[in-house]
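Read top to bottom, the protein sequences are chains A and B. According to our numbering, the first sequence is numbered sequentially starting from 1. According to our numbering, the second sequence is numbered sequentially starting from 1.
FYI, nobody ran anything at the bench for these hints, they're computed from the structure. Wrong hints could be hidden among the right ones.
Here are the simulated lysine-lysine pairs, PhoX-like style, with alpha carbons at most 25 Å apart [unchecked claim]:
hint, chain 1, residue 1, chain 2, residue 2
1, B, Lys52, A, Lys32
2, A, Lys41, A, Lys86
3, B, Lys52, A, Lys168
4, A, Lys170, B, Lys52
5, A, Lys161, B, Lys32
6, B, Lys85, B, Lys95
7, B, Lys153, A, Lys170
8, B, Lys168, B, Lys193
9, B, Lys88, A, Lys67
10, B, Lys51, A, Lys29
11, B, Lys95, A, Lys168
12, B, Lys19, A, Lys168
13, B, Lys77, A, Lys9
14, A, Lys13, B, Lys28
15, A, Lys170, B, Lys77
16, A, Lys170, B, Lys19
17, A, Lys168, B, Lys193
18, B, Lys56, A, Lys168
19, A, Lys9, A, Lys41
20, B, Lys26, A, Lys13
21, B, Lys95, A, Lys161
22, B, Lys56, A, Lys32
23, A, Lys161, B, Lys51
All figures in this text were calculated on a predicted structure; none of them were measured in a lab.
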Amino acid sequence: MNNEEILIKKIAKQDEEAFRVLYENTSNKVFKYIYGLVNNKETAEDIMVETYIQVWRSAKNFKGMSKVMTWIFGIARNISMSEIKKQNYYNFDDNENLNNKFTVTPQQFQLTAQVEIDEIMQIALNKLSVKHREVLDLIFIHEMSYEDIAEILCIPINTVKTRIFYAKEKLREILNEMGVSKDAFF
Amino acid sequence: MRSSKNFDELRSLLPLYLKGSLPEKKSKSLEKALSENEELKEDLKFWEAVKKGYQKIESQLPEHDYRIYHRISNNIKTQNSRNAKIWKFFSLHPKFSFAIIIIQTLIIISSVLYFLSIEKEFKTLSVSNIQAEDGVKINVVFHEDAKEKEIRKLINEINGRIIDGPNKKGLYVVSIKDKEKINYTLDILRKNKIVVFAELAY
């Protein structure tokens with residue numbers, strides 16, 4: 001049993017100190033994950049409050065079938081998705097509305113031709129749909145394995161791989177629309 | 001020559017390889033494939049660019065407010081004290097708990113009794129509880145202006161006997177002894193102006 005699992009056992013017995021330690025160990029990652037989904041600090045903080053209240057309430061139901069972090073991410077994701085639907089932020093599968101938030105036309109882009117690859121990619125990543133973006137966030141920010149991602153998103157591992165493939169294709173498409181040639185990265 | 005399935009599998013591992021989270025055996029297998037395959041190399045370059053993009057994103061992610069823990073903690077404490085108050089109330093007032101249990105039990109028992117008492121059957125016009133009568137039964141409804149004298153006369157004419165009725169809808173059950181004359185009797189009844197309805201009862 002690892003340290004986080006011991007903490008969860010204690011939280012299940014209403015140990016507030018254990019809860020505080022778990023919060024301190026995990027809150028940064030959880031906040032970054034939620035922020036990546038909702039893209040708004042205040043909303044992300046509200047969701048984080050709800051997430052940890054749910055962790056406190058559900059600790060007794062944690063069976064140790066998954067990692068504690070994966071379990072918390074799963075809770076955070078469920079609450080975030082409800083919030084996204086409630087606030088009608090943008091369609092989960094569609095990046096049309098999200099595009100409006102980060103619009104950069106090819107003309108504008110050419111004006112800043114000297115921008116670095118990381119900046120170009122940052123803009124393109126921000127234009128991805130939540131569905132594609134979250135899977136990449138989990139790999140590149142949270143360093144999750146495909147098994148953990150499958151558990152958080154409640155999908156098979158092969159679907160995770162397919163989603164990564166399509167996320168890459170979509171990114172290429174977005175970069176192309178931005179006027180960035182395929183050779184720019186080589 | 002690697003199979004397409006194997007190639008796709010290796011290709012799907014590139015992001016994990018870049019993050020250094022791939023087991024050694026798989027890493028080596030991927031490195032070997034990378035040295036042989038240009039397409040795979042291109043993909044790796046692309047993922048390297050994605051990784052750089054993420055480094056940029058990560059450096060710009062906001063920090064969460066340190067007071068959030070107090071919000072969570074206060075919420076949990078409020079909930080705990082609310083639950084504790086409810087339990088305290090019931091444990092300090094056991095009579096109240098028993099009263100609730102008794103009321104609930106009474107509601108359940110009366111509901112069960114009520115549902116058991118509801119008659120579950122269909123009623124039709126021909127229903128009659130008369131079982132001991134021989135012969136054939138006919139359902140008859142007379143005109144509302146029909147006089148008793150006229151009804152008696154008609155019943156005598158068909159050599160029948162009123163054995164039930166009238167019910168709320170004005171239905172009489174008339175019995176005739178001779179089964180063979182049923183069609184003739186129905187014909188007489190239907191042709192009479194004081195009869196509204198005449199049908200064999202089943």
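| field | Earlier hints that do not hold, by number | value | 7, 9, 11, 14, 15, 17, 19, 20 and 21
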